[in-house]
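Q: Once you've looked at the hints, dock chain S against the given chain D.
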Amino acid sequence: MTARLNLFGSPTAIAAKAAGHFGLASKTILAESTLPAATQKLVLLRASQINGDGYATDVWSKNAAHAGETATRVNLVAAWRESAVFTDAERAALELTEQGTRIADAAGGVTDETWANAAAHYDEDQLSDLVMLIALINATNRMSVVVRQRGGDYQPGHLG
Amino acid sequence: MESRFDLMANPLGAKIAKRIYNVALAIVQSPLPEATQNLVMLRASQINGCGFCVDYHTKDATAVGETAVRLNLVAAWRESTVFTEAERAALALTEEGTRIADAHPGVSDETWARVREHYDDDQIAALVSLIAMINANNRLNVIVRNPGGSYEPGKFADLAN
Numbered sequence: 001m002t003a004r005l006n007l008f009g010s011p012t013a014i015a016a017k018a019a020g021h022f023g024l025a026s027k028t029i030l031a032e033s034t035l036p037a038a039t040q041k042l043v044l045l046r047a048s049q050i051n052g053d054g055y056a057t058d059v060w061s062k063n064a065a066h067a068g069e070t071a072t073r074v075n076l077v078a079a080w081r082e083s084a085v086f087t088d089a090e091r092a093a094l095e096l097t098e099q100g101t102r103i104a105d106a107a108g109g110v111t112d113e114t115w116a117n118a119a120a121h122y123d124e125d126q127l128s129d130l131v132m133l134i135a136l137i138n139a140t141n142r143m144s145v146v147v148r149q150r151g152g153d154y155q156p157g158h159l160g
Numbered sequence: 001m002e003s004r005f006d007l008m009a010n011p012l013g014a015k016i017a018k019r020i021y022n023v024a025l026a027i028v029q030s031p032l033p034e035a036t037q038n039l040v041m042l043r044a045s046q047i048n049g050c051g052f053c054v055d056y057h058t059k060d061a062t063a064v065g066e067t068a069v070r071l072n073l074v075a076a077w078r079e080s081t082v083f084t085e086a087e088r089a090a091l092a093l094t095e096e097g098t099r100i101a102d103a104h105p106g107v108s109d110e111t112w113a114r115v116r117e118h119y120d121d122d123q124i125a126a127l128v129s130l131i132a133m134i135n136a137n138n139r140l141n142v143i144v145r146n147p148g149g150s151y152e153p154g155k156f157a158d159l160a161n
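Protein sequences, first through last, are from chains D and S. Mapped onto full-length UniProt numbering, the consecutive letters of the first sequence carry residue numbers 1 to 160. Mapped onto full-length UniProt numbering, the consecutive letters of the second sequence carry residue numbers 1 to 161.
Next comes chain D alone, as it looks inside the complex (with noise of 0.2 Å):
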């Protein structure tokens, strides 16, 4: 199963270009942060299972593993409402995640309390990283499930 398109063909391209400044930004939030690197990839792959990115899941689960994190964590984050496993501050990173990424269709976007409960477990620098991850991987979400970009073969390490 091959990709429609492929965003980065040619490396001189606009497009490429532009998925490269993507690539940047991510990864400053990602090197830089001081939001938990385990935080982070539990977000980072929420906004996918919710965006049914096959690529992006099969990016985060394996970076997850990769950097330590358990499968039964792993395995828990589509049901974290209902799972024993996850920190308050994580709960509430997750719950900030999900409001964050349905916001289509006048969804009603991120309540008050959800993001009282975020900033009480997040100074502001967290936060604004918070914010900047899950609008980074909504948009790449889309750029992967719109050209058919399809997970499986992912090789941990290679991003982020």
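Among the clues, some could well be false.
Using 20 Å as the maximum straight-line C-alpha spacing, the simulated SDA-like pairs for lysine to any residue come out as follows [said to hold, decoys possible]:
1. LYS59(S) / GLY23(D)
2. LYS59(S) / VAL85(D)
3. LYS155(S) / VAL85(D)
4. LYS59(S) / GLU69(D)
5. LYS155(S) / GLY13(S)
6. LYS59(S) / ARG73(D)
7. LYS59(S) / ALA84(D)
8. LYS155(S) / THR72(D)
9. LYS155(S) / ALA84(D)
10. LYS59(S) / GLY68(D)
Chain S regions said to be covered by chain D (calculated; three or more residues, Cβ under 8 Å) [unchecked claim]:
11. 54-60
12. 77-90
13. 143-155
By construction, these hints were calculated from the structure, which means they are not laboratory data. We put the beta carbon where it would ideally sit given N, CA and C, even for glycine.
A: Frame of chain D; chain S shown alone:
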């Protein structure tokens, strides 16, 4: 995270759970491939947000040799290369059969036709029953808020008659 209500501690709840388990056993012993059964139960449990069931079925699947890659990609199976056409048909039926609330259009003729192509009558009987069963179990666990995380494979084997 504590469960709101221990169904198994109540004699009637325990009796019902035992019967449900034995209905599930009839499906487990059907000619529907075991790996497909696990994928179906996992996908429905993810959609219904049942942590207990996601924990249960990912661990049971792992115990019988399912790979982490396939388990992790069940949530995004449409955009993944690791499932067979037959498994994709079963997953499509699972999603449409799970999302029937509030005038969702239910199972499309196209999805049903694809299932027909890949499974015989016995397998279809098992598949439809499995989707119904897992949706019932998801609700049992979500309503009483049974959290996922501490399941150990084979835990409920003693419920069998």
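Q: Closer than 8 Å Cβ to Cβ for three or more residues is the test here. Does the segment 143-155 of chain S pass it with chain D?
A: holds (count 6)
Q: For the pair supplied as a hint, LYS59(S) and GLY23(D), is the alpha-carbon distance within the 20 Å limit?
A: It is violated: about 34 Å lies between the C-alpha atoms, which goes past 20 Å.
Q: With a cut-off of 20 Å on the C-alpha distance, tell me whether LYS59(S) and ARG73(D) pass.
A: Holds, at about 11 Å.
Q: Quickly compare the C-alpha distance for LYS59(S) and GLY68(D) to 20 Å and report which way the hint goes.
A: With a Cα-Cα distance of about 18 Å, the restraint between LYS59(S) and GLY68(D) holds, given a limit of 20 Å.
Q: Run the distance test for LYS59(S) versus VAL85(D): straight-line Cα separation, threshold 20 Å.
A: Between LYS59(S) and VAL85(D) the Cα gap is close to 15 Å, so the pair holds against 20 Å.
Q: Does the structure keep LYS155(S) and GLY13(S) at a Cα separation of 20 Å or less?
A: Roughly 17 Å between the alpha carbons, so the hint for LYS155(S) and GLY13(S) holds.
Q: Count the residues of the segment 77-90 of chain S with a beta-carbon closer than 8 Å to any beta-carbon of chain D: does the count reach three?
A: Answer holds; 6 residues pass the 8 Å Cβ test.
Q: Given the hint that LYS59(S) pairs with ALA84(D), test it: the Cα-Cα distance must not exceed 20 Å.
A: holds, 15 Å
Q: Checking one constraint from the list: CA of LYS59(S) to CA of GLU69(D), max 20 Å. Satisfied?
A: holds, 15 Å
Q: Would you mind confirming whether the straight-line C-alpha gap from LYS155(S) to ALA84(D) stays at or under 20 Å?
A: Cα-Cα ~18 Å, so holds.
Q: For the pair supplied as a hint, LYS155(S) and THR72(D), confirm whether the alpha-carbon distance does not exceed 20 Å.
A: Within the cut-off at roughly 16 Å; holds.
Q: For the pair we were handed, LYS155(S) and VAL85(D), check the Cα-Cα distance against 20 Å.
A: holds, 19 Å
Checked against the numbered hints given earlier, the structure breaks only hint 1 and satisfies all the rest.
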